[in-house]
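Visitor: These protein sequence lines map, in sequence, to chains A, B, C and D.
The numbering of the first sequence is our numbering, which starts it at 55 and goes up by one.
The numbering of the second sequence is our numbering, which starts it at 55 and goes up by one.
The numbering of the third sequence is our numbering, which starts it at 55 and goes up by one.
The numbering of the fourth sequence is our numbering, which starts it at 55 and goes up by one.
The set of hints was computed from the structure by calculation and includes no laboratory data.
Keep in mind it's a predicted model, so treat the numbers as computed, not measured.
Built from N, CA and C at the ideal position, the CB exists for glycine as well.
Check before you lean on any hint, since a few could be wrong.
What the hints assert, rightly or not - Reference excerpt, derived from the structure (chain A facing chain D, CB under 10 Å, subset only):
no. : residue
1   : I69
2   : M76
3   : Q217
4   : N311
5   : G349
6   : P368
Number of protein chains: 4
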Amino acid sequence: MGMYGGGRDGFIGAIHRRAALMDSSIELVCGCFSYDAEISRMSAADYFVAQERVYATYEEMISCEAKLPEGERMDFIAIVTPNHLHFGPAKMALEAGFDVIMDKPITRSLEEALELREILYRTGRTLALTHTYTGYPAVKEMREQIAGGAIGKVRKIFVNYIQGWLHERVELIDGSNAGWRTDPSRSGKGGAMGDIGIHALNLAEYATGLKCVELCADLKATLAGRVLDDDGAALLRFDNGATGILTATQIATGEENDLSIRIYGERGGFKWRQEEPNTLIKLHPDRPAEYIRTGNGYMGFRAKCNTRTPGGHPEGFIEAFANIYRNFAATLSARIYGETVKPEWLDFPGIEEGVRGMQFIESTVESSAQGKWINWIEK
Amino acid sequence: MGMYGGGRDGFIGAIHRRAALMDSSIELVCGCFSYDAEISRMSAADYFVAQERVYATYEEMISCEAKLPEGERMDFIAIVTPNHLHFGPAKMALEAGFDVIMDKPITRSLEEALELREILYRTGRTLALTHTYTGYPAVKEMREQIAGGAIGKVRKIFVNYIQGWLHERVELIDGSNAGWRTDPSRSGKGGAMGDIGIHALNLAEYATGLKCVELCADLKATLAGRVLDDDGAALLRFDNGATGILTATQIATGEENDLSIRIYGERGGFKWRQEEPNTLIKLHPDRPAEYIRTGNGYMGFRAKCNTRTPGGHPEGFIEAFANIYRNFAATLSARIYGETVKPEWLDFPGIEEGVRGMQFIESTVESSAQGKWINWIEK
Amino acid sequence: MGMYGGGRDGFIGAIHRRAALMDSSIELVCGCFSYDAEISRMSAADYFVAQERVYATYEEMISCEAKLPEGERMDFIAIVTPNHLHFGPAKMALEAGFDVIMDKPITRSLEEALELREILYRTGRTLALTHTYTGYPAVKEMREQIAGGAIGKVRKIFVNYIQGWLHERVELIDGSNAGWRTDPSRSGKGGAMGDIGIHALNLAEYATGLKCVELCADLKATLAGRVLDDDGAALLRFDNGATGILTATQIATGEENDLSIRIYGERGGFKWRQEEPNTLIKLHPDRPAEYIRTGNGYMGFRAKCNTRTPGGHPEGFIEAFANIYRNFAATLSARIYGETVKPEWLDFPGIEEGVRGMQFIESTVESSAQGKWINWIEK
Amino acid sequence: MGMYGGGRDGFIGAIHRRAALMDSSIELVCGCFSYDAEISRMSAADYFVAQERVYATYEEMISCEAKLPEGERMDFIAIVTPNHLHFGPAKMALEAGFDVIMDKPITRSLEEALELREILYRTGRTLALTHTYTGYPAVKEMREQIAGGAIGKVRKIFVNYIQGWLHERVELIDGSNAGWRTDPSRSGKGGAMGDIGIHALNLAEYATGLKCVELCADLKATLAGRVLDDDGAALLRFDNGATGILTATQIATGEENDLSIRIYGERGGFKWRQEEPNTLIKLHPDRPAEYIRTGNGYMGFRAKCNTRTPGGHPEGFIEAFANIYRNFAATLSARIYGETVKPEWLDFPGIEEGVRGMQFIESTVESSAQGKWINWIEK
């Protein structure tokens, strides 16, 4: 693995690195960790990466690595930079024959996303997108049970992503992660909707297997001086007739990272909260709710494939992230060694989820501006 | 107190009766407990009400009681019947000089509500509406703190009322409470929105002191054969610029009575869930959340006025209900004995909340039908 | 009902009164509410009790009431005074032909309790003891399920009663409830063990149907100046071979009224916490824990007999208390009217639980003083 | 790092490996992963360890590695085998000049532990013991706050470790982890007390900074056929006069890994549960409880040193484990490179905790057998 971004002190880069390394299935061999060469070099030293494989730009990294012999060069690139620095390296890496794992949203615009999809199809490489939250075993259990008919036809979905860190203008503080996120030239059209709303959408669609087809959104730049939405919600309609509500706010003062989902069907329901990720509540119409806990023998196959500890030994965010890396790596490894790719390894988000996220961002912005419902299936 | 409705085996009538009697400040002296004379008589026996003060109709009750000497006749009437049986007895009671306490929604239509308001103003009587949930001490604490500026200007409100009991067509079962609730001729224009959505609205407006001015709703009769909404949501905008989301669903299979609210301001937030009513969570931007618990010495004045037990001795739904009765009774008692009515006794919902609820029902129905935002302040 | 104690501003008296009146099955007709005649008179006015039936002493109350005609005189006396004022009025009332409901511990000493038992047997009256916590429907459900074999043979019991209100010497504050509780001349030999430890014991024995036979206790008067224990614990052994731990502390700074129990058997377990009394957790060895919630259709018969609201409409401490009063009143009423007493009405604590509590207090004090195990079955 | 034990499919070995590798500060270079040479070889392949550094015995590993040049040979050994296989390799490694990190309990007997302490002192190496639970940042916060006087003098400690996996005789199943744990020849004198009771003791002493000096225990082999305790409890007295209760049971059917602690002082209290490790509850006598959450800016220095994610991004068991490895590795690294060892790196359990654990096991066994209190400070 080579990394683009992820220098010391970055938040998400460190998560990517830990997630990648935890399972002894991936080695970090090169990187362009920062636009600041000094930081990049120091980061490499921290990470046991040889200084000769620290590169100044992604272009340099990809072209140099491509010249190395097979087995020595990086197998894939992890792109962990801000949104406006996704498309370029992803395109170049794919065209140079590398696989790609990258942070969300996939690109800065829908247009870029669609182009990347074409490139991916053309090159036949593999692309993973780190929608972390669907990496949790409890979410996979929910998906597997719903797919198996456990709650009957889904009728109602609530998915809320509630954060508080933008309740003040932290983007005015130098070095804040909020800087690029609140800047349309780097972030794209979506603020909170683009940063976390697409996680919520991905969670809802992954868990239920449904697709949202219509929405009516209300976005707002709550704090004076902001251009992009820092708060928003959308009424949803799904392809099976179910309705839903999606919230993405970053101005809920005092909240940390409260992503939650509630799904109700004809014969039962599920509830899950990311901040207590090892518990999945299953509701029944005529008997007590069950508190399903990860790591137990009664869990389904998919959850078990993505669990490292027995019940009561909590797993968390890094492990959820690591599931995406592990499944991605297992898929690549099988391909490299000519083995069969098992279906459970293919369980990671990719280009379709990426395109869908961009469609969602643009649709919510448009719906909110017009104050009306949008059918976005044809986007 | 005289009761209209509330015969044995009814759910809400029994709650009203217990709530009224718990504090030794109200006596049940007469009633028309059921349209079935036999049930009405047996109920009276259960309740220690003299058989000669059991009446066949509300008209009979009001006219007979009005003829009794002051001090002997009932002081007020409690109306605990389905919606279509609210307006008639309330009107007649007010005009006969009785005060009224009644269940929500105040009437079957906005038109009736507006007329009742005129009658009330004209007669100068007192009217209380049992929006139970704002009777909880934790809710009063939240209101008092927000009014005092504890979280700064309110920016965001989530209020969800999630039930599951209509996930099947229980209205087809004889004697079900769902019968009249799903029947527009008895219930009015609103289904879930009218039954529980107005509780959610009342809670949001009471807690924050704000008024909702615009909304965009999506209502649905989910189960085939239903005419009224059994599920719905609305995007909200408030008079101070805050935004919100309100949900009212009765098809969330497996849920009981999950009313909850989350309010976020510039400097903090509050969270409360009716199913665990004695805990109020207060969020801060820069220090740990506080779990405020009813019955403790640190609670504010209004919460204390509405609490009966010390911390850790849980109070519940009946006590919240009883707070409305007690405050209403204290107000009447002061008026009867020529004492000053203390502001804390006037802390119960009344005609304005009633009219507002009817406006809300009609606005959500209209917005949903048209698929667009409605400014309902002028209604 | 006549009351001994319970004047305005008292905590537990007001709970008794509300509990008694909530269900319209008991009327408060007389009382000696306070040793202060003025307070007693004012309390009577508050409670709608005629001034001519306010008495100066319990002796006066019992002798005067006994002379009133049947049907007019009180049917029973509620004794809600400190421990040293339990035995006298209870003895006199029983001997005068009245039934008795009284607060715990039943007397100030085991000797008094044993004597009271003899009097009760001799007079043939009915006596109820307000061990409130076994009045909760969730506790009754637990008992019914365990009795039915739901978790197999019970192996382990944890019961903890953790309060914080005596973390300072509040007994030095005039008028504090702590005054008599920390004074052996009024409270008896037990401090925290006598005040709350016996609730914990009662809960453990009621829920499991087992009897504790051996214990090894460690009691402590933590705060300088205290004579009685304000903190203690005991290792327990039960008659079926199960082991347990019981805690009773009042110096756990910041805690309110955290009584909880956990019971484990061969095939499952139960967990319940008084501060969230409507949820009962049932554990299984091989499938998810169930969250049993009061008020639902799936609850057992005993729980249903002691529930007033549907699921999600929380009941609390006053309702648990009221269950004891209601069952006691139903038993008396049946006897008075010559009806059959139903088994579910007899579901209230009485003399045996009272004697057992006193044995427990004395045994824990003795075990702690000697630093060894005590077999207390023969006490 | 070299590993002794930890072949594929082992539970705790995989945790050790992930914990060691997560932070890019440790490399796995050799091992004797299993007594089965084939499994050992396959494990090495899984872990990217060269086959020539897979050893048949720990003796071979230590002697061969010792002959490799500095910088190439392993720096330390991780011992992750059953208890009876701790002392031998630890002794040999220390004497060969290697540092040691090992699973708990440190040895099979107190005698071995005392001898190991002497060897450690003599060789001057570093030894870490993986008492995982004190690796959690919330526990470190609790320790730091208590040391700083946040709750005043500690008066009461409850520490409970409640598991259910031995509710049946799983040790009869081939390959179960329970096999050696229930076998005194491999496990030592303690069953549940040795396996998990010492974690509870370590947690209580680490969090409070106190030492337990007296105890009165009751241990039991609940299931027929067992020799070692599978359930037990102890009354505790600490060196500052505080009292406590410690529980260690593995027969609580349906429980997973419910380690919890509650600490009460003069001016406040703390509560923490391992199954929701990112929340630390702080109690106050006169204001609401605070819910302290890891990853927030308000956390203290020690917690921050041991946290990888921002608030709301849950960390878990593997991260707690990794904190021990990281602090141990930072200490070794500083020593190797001649840098100053920072106090925060020395924050890991070692030989003293190991000896103390063995004293505790033997004291509880002895106290239980004799049915009396034991002063174990002089052991």
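Visitor: Indicate, hint by hint, whether the structure satisfies it.
Guide: Right, here's what the structure says about each hint:
no.: 1; hint: I69; in the structure: holds (7 Å)
no.: 2; hint: M76; in the structure: holds (5 Å)
no.: 3; hint: Q217; in the structure: holds (8 Å)
no.: 4; hint: N311; in the structure: holds (3 Å)
no.: 5; hint: G349; in the structure: holds (7 Å)
no.: 6; hint: P368; in the structure: holds (4 Å)
Violated hints for the displayed structure: none, as all numbered hints are satisfied.
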